[in-house]
Structure formats: structure tokens, C-alpha cells
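Got chain A; can you put chain B on it based on the hints?
Each chain, letter by letter, is given below.
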Amino acid sequence: MPETISLNIDGEELRVEPGTTVAAAVLLAGSRTRTSVTGEPRAPLCGMGICYECRVTINSIPHQKSCQILCEPGMDVRTA
Amino acid sequence: MNARFDVLVVGAGPAGIAAAVRASESGTRVGLVDDNPTPGGQIWRRGAPQPASARGWLTRLEASGVQRLQGWRVFDAPQPGLLVAERSGAGDSECAELHFEKLVLATGARERFLPFPGWTLPNVMGAGGLDALVRGGLPITGKRVLVAGTGPLLLAVAAELVERGADVAGLCEQADLRQLIPLGLELFRHPGKLLQGVRLRRASRKAQVLTGCWPVEAKGRNKLEAVVVQREARRWEIACDYLACGFHLVPNLELPMLLGCRIENGFVGIDDAQQTSVADIYCAGEPTGIGGVESALLEGEIAGLGAAGRQREARRLSRKRPAMQRFVRALERSCALNPELRKLPHEDTFVCRCEDVPLRALREHHSWREAKLLTRCGMGPCQGRICGAATTFLFGWEPDSVRPPLLPARIASLRACGAAVELAQHNKETR
Numbered sequence: 001m002p003e004t005i006s007l008n009i010d011g012e013e014l015r016v017e018p019g020t021t022v023a024a025a026v027l028l029a030g031s032r033t034r035t036s037v038t039g040e041p042r043a044p045l046c047g048m049g050i051c052y053e054c055r056v057t058i059n060s061i062p063h064q065k066s067c068q069i070l071c072e073p074g075m076d077v078r079t080a
Numbered sequence: 001m002n003a004r005f006d007v008l009v010v011g012a013g014p015a016g017i018a019a020a021v022r023a024s025e026s027g028t029r030v031g032l033v034d035d036n037p038t039p040g041g042q043i044w045r046r047g048a049p050q051p052a053s054a055r056g057w058l059t060r061l062e063a064s065g066v067q068r069l070q071g072w073r074v075f076d077a078p079q080p081g082l083l084v085a086e087r088s089g090a091g092d093s094e095c096a097e098l099h100f101e102k103l104v105l106a107t108g109a110r111e112r113f114l115p116f117p118g119w120t121l122p123n124v125m126g127a128g129g130l131d132a133l134v135r136g137g138l139p140i141t142g143k144r145v146l147v148a149g150t151g152p153l154l155l156a157v158a159a160e161l162v163e164r165g166a167d168v169a170g171l172c173e174q175a176d177l178r179q180l181i182p183l184g185l186e187l188f189r190h191p192g193k194l195l196q197g198v199r200l201r202r203a204s205r206k207a208q209v210l211t212g213c214w215p216v217e218a219k220g221r222n223k224l225e226a227v228v229v230q231r232e233a234r235r236w237e238i239a240c241d242y243l244a245c246g247f248h249l250v251p252n253l254e255l256p257m258l259l260g261c262r263i264e265n266g267f268v269g270i271d272d273a274q275q276t277s278v279a280d281i282y283c284a285g286e287p288t289g290i291g292g293v294e295s296a297l298l299e300g301e302i303a304g305l306g307a308a309g310r311q312r313e314a315r316r317l318s319r320k321r322p323a324m325q326r327f328v329r330a331l332e333r334s335c336a337l338n339p340e341l342r343k344l345p346h347e348d349t350f351v352c353r354c355e356d357v358p359l360r361a362l363r364e365h366h367s368w369r370e371a372k373l374l375t376r377c378g379m380g381p382c383q384g385r386i387c388g389a390a391t392t393f394l395f396g397w398e399p400d401s402v403r404p405p406l407l408p409a410r411i412a413s414l415r416a417c418g419a420a421v422e423l424a425q426h427n428k429e430t431r
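Protein chains in written order, with this note's numbering: chain A, 1 to 80; chain B, 1 to 431.
Just chain A, same shape as in the assembly:
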């Protein structure tokens, strides 16, 4: 059993398996990834870095495509 990774999503700690994408972790935490320009909740659509619906803030850097980034220990993820 590989060790799990602990990261922080909107202030809540979440433990995931290594190899988990940030997008999957955000869904696992029950969050939306972003709010659209008219205020709709949005979550990943394409899963492959094309649609930009999965973008979140990671370690204070905004607009990161969470479906193409793997979870790392101590990561701080913020949805909007």
C-alpha cells in the first residue's frame, strides 16, 4: 500500500492516492473548480487540458489546469 498524499483544498485537508490529479481531488472534496462569468458553478469537462473549466489556484498561482497537475504533499488548492 503506497503512502497517501495530504493536500489542502479550500482550507480542508484531503488525503489522496499518489498519481491523483488535482482535478480529481477537487471533485473528491465535493467542490466546484470555478464560477463562470455569469455565476454558474463549473467542474471539469474535457479532462485533458483543453477546456480550462478545471482551472484553480495552486500554491497562490491562479489559473492552473488541475486536470494536468498531479497532487503533491502540502499543496494548497483554492477553487473559486
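Hints are not guaranteed to be accurate.
Said to hold, decoys possible - If the Cβ cut is set under 7 Å, some of the chain B residues that face chain A in the computed set are:
#1 Pro-37
#2 Met-125
#3 Gly-136
#4 Leu-138
#5 Cys-382
To be clear, the hints were calculated from the coordinates, so they are not data collected in a lab.
Positions of the beta carbon are idealized from the N, C-alpha and C atoms, including for glycine.
Here is chain B on its own, set in the frame of chain A:
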């Protein structure tokens, strides 16, 4: 970072891997740049058991001298023989100048999405999209999923979801049985594909397949709760946690177009040696026609050998292309969209989900450019990669140009790239 390659390959799916491996095994200095964290592209994505061919190629790639640049996105081609890429992740972003003698474009394809009421709800995803999320760690066991759209990807996704313990509520294929028969017959010429189809259908046996059927509405408050589907005159509602919906694939043409490669009938035009209309630029895999893994591997091998100067071997392999191309054409016909699907979006349905532009706002415009300028359709971060394919189907609009940066890029990367170009020009002038 600054690197020089004899052969640079863009895209580490099957076509790109085959091209990079064959070129590298021929003794050339090869770079393979890809935007995902690991090689394999979409079809050989990690997180699921890999077919034997995938394991073979990935092992060969590992053993080769190919310099792998994973997690790098190419965003500009500022001058001949140079691409610039950016890497951004958990830390600071980096910029790379990638110089090349020969270039192989293996940029793959993306799913085509069509707008319908509720398609922007969380948990409405692409078919490949949900599969990617599940492989990336999203638990699916016990979840109820409806798979819909068109194309063989739906069957592959349904099979994988069933194997992982999802409750697949159904598979709605927009094509009717009559449209699918010629593809079924063509499959008998490709025993490998036929066998795979039978295996996938057996794996997904719990899922009911409905042809001539598509979703007309996704319902839910803050996330998906149910999907209304339609078949002929009948409509009914299916409760589900996820809708995995994609209408076949469209090629990623942005980089080929930026480089000036000729586009023919919606795909990169190539000759028998996978050469594009631009000297020293090859193209392989889905951007030349949606043909799947086998065809992508063959084209990648031909392109890689050609780029490494092994023309005779490339030509020998090239003899297998006509059979593959016949399959590509049969597949394309089987996935042709029913014109009825143009009626899917309502007036207030968002067509562009980056800028939330409803169908109503697009009706009065006559071209992609006009719609972009006056409604911001296609002007958001995805740069029309999602709504462009939809408006091509809905209105017949075609993108008229591609400009850098190909993707949103950081100011620091743009500045580094600009400085690199200035330096290269300065060096050229003073040489």
C-alpha cells in the same frame, strides 16, 4: 531552458511515441514535448491496465535516448526551426526554446462537445473526460453513469466504467443502426479492431446500448441529477451521477495551422511519407484523420523514420496506409452527426462556456470572426477549442486564423520568448 534537436516531436500519445522512438533508434537526437505529466497521450493514460502494445512502446521509449519534456505546453513558433514552450505547475513557471531540424506534429485530437440545456452543470463531462478523471483518481464504483454521444470511444469508456464497478445506466449512440453497419463490415478487414470491439462490448454488457438516441437536457440544481434522452418521438428521464458525453473527436490543428501547414477537409494534409505542405514538418496520428491507435502508431513510425532520414524503410511501412485510411473514412461516416442535433441548444443555452455566450447572441452573426468580435464567443481561455467545433456544426463557421500565443501563457514566458527571438535575430545579423 534552451535545447537543440535533430528531430522534435510534439505530443506523446501513440503517434508521437512511435515517431520519437523510431527517430531516436535511428541515431538522431530527439526531443519529445508533451503537456501531460506522463507520456501515453489520452488513450494510454496511466491509471488503467495498459494493452501489450502500449507497454511495448512505453518500454522502448524509456530505453531510448529521447529527451522527454513532460508537462510542457508549446505556445508559439516565433521563427522557422523554433518552438517555445512553457511549464507551469505547483511552482514557478519556466520557458523553453526548442530548436529543431525536423518537426513531427502528433498533437492528437479532442472530444467534440455539442451544447444542450444543462451541459454546463458539474458532472456533465466528456466520455474521454470522465475516463481521464477516473484514471486520475476519481472514485466511480457504485456511481450511476450515462454514456452518450457518438463514436467507438463511448464503448471503450462504458467498458472501463463497468469494469471499475460503475452502474452504467445506458449508452446512447446518436447514429442509427443503418449508419453503423458499414463500419461493422469494415471491421472484418481489421481482425484486431473487431476483436477489441467484441471484447469491449462483452465488458460493457451490463449497459444497454440505444442507437439513434441522444441527451436533450441535463438536469440538476448545482450538479447533475438526471438526463433527459430522446429516441425518435420518445423522451424519458434517467437519474444519474455523471453524464459522459462526447460526439466523436476533432483534431488539434492549432499548432499545425500556426506553422502554416495546409489543412484539407478539416485535417492536416500530408503525403505518403507523412510530410505536411511545409518542408521538414511531418504530421502523424489523429490530426491527419481520426483512425485510432493502430493507425497513429503506423503514421508515427513512418514520420519518425522519414524525419531521421530513413526514407526507404518509411516507404516500405507506408504501403500499409491505404487499409488504415479506408477504416478512417468508414469511421468518419459512422460518426456523422444527425442534423437533428442542431436543435439541441435552446436560445438561452450557453454555446461558449468560457464567456457564457448563449445561442441567442450568436444567431445574428455570419462568421466565426464576427461572432468573436461582437459576442466574445471563443475569446476565453480555451480560445474556442470547445465552442469552435460546436459552431462549425451549428452554423458552418470555420476558424480563419490561428495566432500566438496558442494558449494563455504567463507574461514572464512571453517576455522570455520575445528575448530569445531577438537574440536569435541579432546573432543571425551579426554572423
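Verification of the hints:
1. Pro-37: With a closest approach of 5 Å, the Pro-37 (chain B) hint holds.
2. Met-125: holds (6 Å)
3. Gly-136: Cβ of Gly-136 (chain B) sits 4 Å from chain A, so the hint holds.
4. Leu-138: holds (4 Å)
5. Cys-382: holds (5 Å)
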